[in-house]
Amino acid sequence: MSMDQESVDRSFKRDLLAALPNLRAFAVSLIGRHDKADDLVQDTIMKAWANQKSFTPGTNMKAWLFTILRNEFYSQMRKRGREVQDSDGVFSERFSVHPEQYGRLDMQDFRKALDQLPDDQREAIVLVGASGFAYEEAAEICGCAVGTIKSRVSRARTRLQELLGVKGESDYGPDAGVAAVTARAFGS
Amino acid sequence: MSEEEKMNERASSGQNDLQAAGSSGPHGSISRKLRDFYDAVQEEAIPDRFLDLLEKLDQAERNAQAQAQ
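Listed in order, the protein sequences are those of chains D and Z.
Here the first sequence stands for residues 8 to 195, where the numbers follow the working numbering.
Here the second sequence stands for residues 1174 to 1242, where the numbers follow the working numbering.
Do not rely on the hints blindly, as some may be mistaken.
[Unchecked claim] In silico BS3-like links for lysine-lysine, alpha-carbon gap of 25 Å or less:
{"id": "1", "chain 1": "Z", "residue 1": "K1229", "chain 2": "D", "residue 2": "K157"}
{"id": "2", "chain 1": "D", "residue 1": "K69", "chain 2": "D", "residue 2": "K20"}
{"id": "3", "chain 1": "D", "residue 1": "K60", "chain 2": "Z", "residue 2": "K1229"}
{"id": "4", "chain 1": "D", "residue 1": "K20", "chain 2": "D", "residue 2": "K54"}
{"id": "5", "chain 1": "D", "residue 1": "K69", "chain 2": "Z", "residue 2": "K1229"}
{"id": "6", "chain 1": "D", "residue 1": "K119", "chain 2": "Z", "residue 2": "K1229"}
{"id": "7", "chain 1": "D", "residue 1": "K43", "chain 2": "D", "residue 2": "K20"}
{"id": "8", "chain 1": "D", "residue 1": "K86", "chain 2": "D", "residue 2": "K54"}
{"id": "9", "chain 1": "D", "residue 1": "K119", "chain 2": "D", "residue 2": "K60"}
{"id": "10", "chain 1": "D", "residue 1": "K54", "chain 2": "D", "residue 2": "K69"}
{"id": "11", "chain 1": "D", "residue 1": "K119", "chain 2": "D", "residue 2": "K54"}
{"id": "12", "chain 1": "D", "residue 1": "K43", "chain 2": "D", "residue 2": "K157"}
{"id": "13", "chain 1": "D", "residue 1": "K86", "chain 2": "D", "residue 2": "K20"}
{"id": "14", "chain 1": "Z", "residue 1": "K1229", "chain 2": "D", "residue 2": "K86"}
{"id": "15", "chain 1": "D", "residue 1": "K43", "chain 2": "D", "residue 2": "K54"}
Since the hints were made in silico from the structure, they are not lab data.
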């Protein structure tokens, strides 16, 4: 093997390692469970390694890895059928390990709301809003048009807002009954 | 889409998020919560199983190459 090939291999491994935390966060976002997400990441690493010759050095390794992980996720889902999401289980597991996590209740609510989104909307808002991809890159990863990604992100935002907004009102806002009484008391 | 359009788009969506966050608008708070959640996972240490796996894959490949030569 030539020195050139060796340095390419080394940079492949290095870049893969560098992308892992982001890739893992994406997997957790898609699946909602750390243990299953890590299984998916492991499968993705194996696939990426086996196909590293098909990766063009110098191109976007992160997007390439995300595409592999996403394809793997959907092909496994098709094979197994989607298991029932256990949001409460996820968080008792996750946050019992990190009880000091700032704003954890808030985050649990958010995680539950994210779980309620359709898969296509969830991946779109995560890729664009958190993983750091431009709309164009997200469209390539998902194999759809840029406009489709934009509308999915927009629908995801609206839905999350509804899911979380309604909760916020009932938690902190005056309830409808009190508001009605107040209106009567101070009305004409 | 041109690079310029891309940049404009990013700039305007960033601005919208900031504006919304400043007024604690729903979009700003959704974006912030999403990033908080995502970053919390991202900041966790890479599990040893992945480091071990990469080490093994690397080693297997070196062995295969050594044999081939």
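Here is how each hint holds up against the structure:
1. K1229(Z) - K157(D): It is violated: about 40 Å lies between the C-alpha atoms, which goes past 25 Å.
2. K69(D) - K20(D): holds, 12 Å
3. K60(D) - K1229(Z): holds, 18 Å
4. K20(D) - K54(D): holds, 13 Å
5. K69(D) - K1229(Z): Status holds; Cα separation ~22 Å.
6. K119(D) - K1229(Z): It is violated: about 37 Å lies between the C-alpha atoms, which goes past 25 Å.
7. K43(D) - K20(D): Holds. K43(D) to K20(D) sits at ~23 Å (cutoff 25 Å).
8. K86(D) - K54(D): holds, 17 Å
9. K119(D) - K60(D): Given that 25 Å is the threshold and the Cα spacing comes to 39 Å, the pair is violated.
10. K54(D) - K69(D): holds, 14 Å
11. K119(D) - K54(D): Distance of about 30 Å is beyond 25 Å: violated.
12. K43(D) - K157(D): violated, 28 Å
13. K86(D) - K20(D): violated, 30 Å
14. K1229(Z) - K86(D): violated, 28 Å
15. K43(D) - K54(D): holds, 17 Å
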